[in-house]
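Engineer: Here is how the chains run, residue by residue.
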Amino acid sequence: MDIAVFLVQCLNAVQYGLLLFLVASGLTLIFGILGVINLAHGSFYMIGAYLAYALAPWAAAHLGAGFFGALAIGLVLSIVFGYVLEWAFVSYLYQREHLQQVLMTYGLILVFEELRSIIVGDDVHGVAPPAWLSGSVALGGVMSYPVYRLFMSGVCIAIALALYAVLTRTRVGMAIRAGATNREMVQSLGVDIRLLYRIVFAAGVALAVFAGMIAAPVSSVYPGMGNQVLIVSFVVVVIGGIGSIRGALLASLLVGFVDTFGKVFIPQIAGILVYLLMALILLWRPEGLFRTS
Amino acid sequence: MIFHRAMLVRAVLAAALCTGAGGVAAQGKIKVGFMLPYTGTYAALGTAIENGFRLYVQEQGGKLGGRELEYFKVDDESEPSKAVDNINKLIKRDNVDVVVGTVHSGVVMAMAKVAKDTNTLLIVPNAGAGAVTGPMCAPNIFRSSFSNWQPGYAMGKVAGERGAKKVATITWKYAAGDESVEGFKEGLKASGGDVVKELTLPFPNVEFQALLTEIAATKPDAVYAFFAGGGAVKFVKDYAAAGLNKTIPLYGPGFLTDGTLEAQGAAAQGMLTTLHYADGLDVPKDKAFRADYNKAYKTTPDVYAVQGYDAAQMLGAGLAAVNGDVGKRTQLVAAIETAHIDSPRGAFTLSKAHNPVQDIYLRKVVGTENRYEGVAVKALADPAKGCGM
Amino acid sequence: MHGRGGPRIWPLAAALIALAVFPQIGGSFYIDLALTTVILSIFALSLELLVGRTGLVSFGHAAFFGIAAYATALLSPAASAASLAWLVPAVLLITALAAAAIGALCLRTRGVYFIMVTLAFAQMTYFVFHDMKFAGGSDGRYLYVKPVLAVGGVTLLDLGRPLTLYYAALGCLIVVYVLLALLGRSRFGHALAGIRANEQRMRAVGFSTYPYKLAAFTLAGGLAGIAGFLLAVKDGFVTPEILAWHQSGAVLLMLILGGIGTLRGAVLGAFVFVLMKEFFQSEALFGAFARHWQLPLGLAIIACVALMPNGVVALPTQLRRMRAPLPHAG
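Protein sequence lines correspond, in order, to chains A, B and C.
Each residue of the first sequence is one higher than the one before, starting from 1 at the first, in this note's numbering.
Each residue of the second sequence is one higher than the one before, starting from 1 at the first, in this note's numbering.
Each residue of the third sequence is one higher than the one before, starting from 1 at the first, in this note's numbering.
Some clues are possibly wrong.
[Unchecked claim] Residues from chain A that face chain B, not an exhaustive set, calculated with beta carbons under 10 Å:
#1 H98
#2 V127
#3 A128
#4 P130
#5 P146
#6 Y148
#7 R149
#8 P217
#9 F261
Quick caveat, the hints were computed from the structure, so don't treat them as lab data.
Computed from a prediction, not measured in an experiment: that's the story for all the values here.
Think of the CB as a built atom: it goes at the ideal place given N, C-alpha and C, for glycine as much as any other residue.
Work out the full structure, taking the sequences as your base and the hints as a guide.
Structural biologist: Structure, rendered in structure tokens:
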């Protein structure tokens, strides 16, 4: 493999990893701070993609900006949806054992998939990115790299920085970080823990939905798309350490590289590599790379 | 074994009772069991197949072989692990006379075994797994669609004829992908080319970027890809976004562009694919079929609807020859084997292994259509390796 | 506390008699359904040892179910019937070894990480069968001729015959149930219960818990292997989806539906699960909406786990408590 091809593969790995980070960051927040194993997280990703498909024509007609209009509306809708879902359903999961959370959120996956089938149908759809992002950039004569993928990576980095800023520089962020390590203490300090949880859950949902929306132009929109993302996101969260955003970022990039180069060099066991990575890391550091507790 | 004897006895008794009047008396309905994906990735295909089947029956006045039909449905969820239980629901619980299914090759493998073991009539309206008309072939198993090898072989011949000497292939690592690439290799060799790189990724993974970079580094004359559904949409779009479609033509079997053109948009324009069906065929039966299908279901039919339609035709041909008496299995089978099916795809017959012997067309993507360009290979029969019939 | 041991035997005995007599009256489809449920009951019982008795929630138990099924298919010759005399011990040995190896690694983690790492190993095993050529890949593999037990030319047990297979499976269910019941009363069983109650305390008094957990994990895997063997023989066909995480989730669901912590809960949960699916998929009851069966199933799962967290076996107690909520004095 020559240097140009190697660098392009690195770019592929980083881009895949960053998208994974977007989904995994929401999951690690929900898992780490709320203590809830939420198997329906992949469904939020799927909902995001279908939202991008469904809202784009409406936004184009009424707001003049098809893709970005859909993004904005979708973001607002997802925050509201996350808020309501937490209030109506998730808040009952906090007291329960992990096993019950796993199974109840598994039931939720079935419900979302079937509702999607009833409302939007089962066909495969595409979402067009905005025209100014549709081109390609020539990369050293090897091939062109789609501008939209560069845009996606840029957005993911921006969100990572924004998350970091919120968690370390704002009061809400401090309360969230404190809540992750010691729930009772935070409550006794007068912070409304229920409101905090609701905000965190809504944020987690919004991140996953947003990831689905911006991924829609490159991954297309089809039934079952949430399933593939779900398991890999859990692997990322566990490798990185439950509750750690830093860990999720590092782990996503790690998974991105292992998956990309694995496919190129040893395709027969490429599927196993990510899980092998998780098993090895857990055996070395049983609570992930950056444990929060 | 015990069950089969009981069914035969029942059928013979029923036939004896009914033919006593010397004509087509009021017999019971023929039970048709659909085992199709009604949920999941292939749900749209399952619906199209059933629609096509029912359309043919409707055109025959609701009767095949002079008898009305009763339908039973089982959702196979495209899940091979539940396939045996699901087909047993139709065979043992609902006691169907014929099973029609399915889309997914893994599911059909299990179905073929159960059908062979219980001697149940099975018509496969899509899954192209070679095993069904290969090692698992049986007198009671028919296919109205294609084998994975057929469109692949045709595309290989076309690619070679268009000057491709070094070709890279890419597909999912499963039987359908392997068989399609095998067919392509044979066709390509037959017209002077060679496959220099075979790339695979695990099914149903759709992260293609790394392998697209590999393709670019290999610099082949052409690329042959086999994907279906969401994977097909993503691959064609990724291929175009990587700029590869400007210098390296992308070939594939029709599944790369069937039912996916709305989603693929500009990325697929001008692509050449091979399949036993196309848009704009100069076949009178097709024009009539499309008009009727549109009227009945308010949508344009695709190759899956045609395959469902032809499954009904094949069953009808068999039933007509035995006057609706499903007990006369040998005659029924013989009638289907020798039938000339007047299909919207063009007329076809069945090979000894019960796979369609049909023209494979070359199509070009124009707008949201796979427009007919010509015949890639005429009357192509699957080699049916391993079939003892 | 009276009548705890006695009356509990009667429902069990009645269920057993019903299962034994069932094939004489049911049609061949219902025999198949009952057989599937018996196999799933064995699978659920094996996991009950881990989850209910030892408190180890494994999200990867389908791995052993699948390894045994594949071993059965791969070891059986293509043209003749394998002999049960060597096939069954071979399959169980392979499965137990795999369980020991995987358990040795997984048990180094705890709590939610244990759940995740068992999932990871199950996924790895899934991809081994899914991606590698030797196992037939994602489309699965046939078991061409079903095994028999023959002594000196006389066939004693032909598992190719549906009724024989049914009674053999029922026999296995009884053996596994009795084995686990006896185990529960043994020293080993009490040690496991202690680990579930408070592992730290056990370790504090100098009790080495790791070998016990590993033994439980290996045994649970081996017992799941019996279920996997029966599945391969029943279907004549194995596919990697047997090892999918959905299958691991389904067996956990069976346990919680029936009631974690009791053996009859595991068996009951398997029956409830199968019947629920059949119910929602029934066209006779739901008509055209039956194609969307996953919706009511998902809602039912949520409702069952939310309202009956202790499972169906605890339902009588739960209802009694609801009817008389006030504590009695004295």
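Engineer: Take the hints in turn and mark each one as holding or not.
Structural biologist: Checked hints:
1. H98: violated, 26 Å
2. V127: Holds, about 8 Å.
3. A128: holds, 7 Å
4. P130: With a closest approach of 14 Å, the P130/A hint is violated.
5. P146: This interface hint holds because 4 Å falls under the 10 Å limit.
6. Y148: holds, 7 Å
7. R149: The hint holds - R149/A has a Cβ within 10 Å of chain B, the shortest such distance being about 7 Å.
8. P217: holds, 8 Å
9. F261: holds, 7 Å
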